[in-house]
Amino acid sequence: MRCFVLLSLLAGAAAAAYCVDGARLSQPLRSVGAQSTAGTARLLYDYVEPQRSQVLDLLFKPNFGAAFQHLKVEMGGDAQISCGAEPSAMRTANRSEDNFARGYEHWLMAEAKKRNPQIALLGLVFAWPAWIDTSGKGSPYVGKHL
Amino acid sequence: MPALTHYICVPRYTSGATEQNAATYMAEWVGGVKKHHNLTIDNVGIFNEQVRFPLLPPLAVVVVLLPPPPPLLPLLPPLLVPRA
Numbered sequence: 023m024r025c026f027v028l029l030s031l032l033a034g035a036a037a038a039a040y041c042v043d044g045a046r047l048s049q050p051l052r053s054v055g056a057q058s059t060a061g062t063a064r065l066l067y068d069y070v071e072p073q074r075s076q077v078l079d080l081l082f083k084p085n086f087g088a089a090f091q092h093l094k095v096e097m098g099g100d101a102q103i104s105c106g107a108e109p110s111a112m113r114t115a116n117r118s119e120d121n122f123a124r125g126y127e128h129w130l131m132a133e134a135k136k137r138n139p140q141i142a143l144l145g146l147v148f149a150w151p152a153w154i155d156t157s158g159k160g161s162p163y164v165g166k167h168l
Numbered sequence: 766m767p768a769l770t771h772y773i774c775v776p777r778y779t780s781g782a783t784e785q786n787a788a789t790y791m792a793e794w795v796g797g798v799k800k801h802h803n804l805t806i807d808n809v810g811i812f813n814e815q816v817r818f819p820l821l822p823p824l825a826v827v828v829v830l831l832p833p834p835p836p837l838l839p840l841l842p843p844l845l846v847p848r849a
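Chains as they are written, first to last, in this note's numbering: chain A, 23 to 168; chain B, 766 to 849.
A few of these clues could be false.
Stated by the list, open to error - Derived pair list, reagent style BS3-like, types lysine-lysine, alpha-carbon separation capped at 25 Å:
1) K800/B - K136/A
2) K83/A - K135/A
3) K135/A - K800/B
4) K135/A - K799/B
5) K83/A - K136/A
6) K83/A - K799/B
7) K799/B - K136/A
What the hints assert, rightly or not - Not everything, but these chain A residues come out facing chain B in the computed CB check (under 8 Å):
8) L80
9) C105
10) P109
11) M112
12) A132
13) L146
Think of the hints as simulated: they come from the structure by calculation, not from any bench. Note that beta-carbon positions come from the ideal geometry of N, C-alpha and C, so glycine has one too.
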């Protein structure tokens, strides 16, 4: 293990040590992809055909355009996330009320998979529906649950 | 429920109800996407952008001092100068 000590020149900033463990550097960047979160792909969903399909081809078709290898989407949480809000598929703790037709992320993933069956799909949560929190501390992020 | 390729979601996992709900929410989302859209999610994760508040004060004292901009009048092209 190598340790690098970086001394900050800024007054008041403490020296910080960054340890790089060479034994754990075996996972390099494996793919180049896109992230669709915070409502950023909402405009693409509204494009008319054939322009919409042309854009999707340029994004996801292998050996053509950007040829993204993975697509990461937000699990909508019904909350404003910087530049937009995405609906949650699970708004209550009652699973019979789930609706996976809300939003457009599922559509985007399906379109990507249609063009590249090998594309990796990822999901992440930015905001949580209110029923998640039982402690009154807000979201699991704010309450430092995670 | 499809088998997840990797679990990278919960770094510090405890048994509280909120944590359990959060884990259930993500797992059910993966299952629902598979059931309703036949899409297999390869990875799940959480929000990883975090402001470390103890680092803010040293950054807050950085003030960039620039000299005042030069006056614009000498830079105007001669055509804009009114003629006598």
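Consistency of the hints with the structure:
1. This hinted pair checks out: K800/B and K136/A have alpha carbons roughly 17 Å apart, not beyond 25 Å.
2. Proposed proximity of K83/A and K135/A is supported: the alpha carbons are some 9 Å apart, at most 25 Å.
3. Pair hint K135/A plus K800/B holds up; C-alpha atoms about 16 Å apart against a cutoff of 25 Å.
4. At most 25 Å may separate the alpha-carbon atoms for a hinted pair to count; K135/A and K799/B meet this at roughly 13 Å.
5. For the given pair, K83/A sits about 9 Å from K136/A by alpha-carbon distance, which is consistent with the 25 Å threshold.
6. Between K83/A and K799/B the CA atoms are separated by roughly 22 Å; this keeps the pair inside 25 Å, and the hint holds.
7. Only pairs whose Cα atoms come within 25 Å are accepted, and K799/B paired with K136/A is accepted, the gap being roughly 15 Å.
8. For L80/A, the interface hint is violated, the least distance from its beta-carbon to any beta-carbon of chain B being 21 Å, above 8 Å.
9. At a threshold of 8 Å, the smallest CB-CB gap from C105/A to chain B is about 14 Å, leaving the interface hint violated.
10. The closest approach between the C-beta of P109/A and any C-beta of chain B is roughly 12 Å, which is over the 8 Å cut-off, so the hint fails.
11. At about 6 Å, the closest approach between the beta carbon of M112/A and any beta carbon in chain B falls short of 8 Å, and the interface hint on this residue holds.
12. Given the 8 Å rule on beta carbons, the hint for A132/A holds: about 6 Å separates it from the nearest Cβ of chain B.
13. Hint status for L146/A: holds, given a least beta-carbon distance of 4 Å to chain B, under 8 Å.
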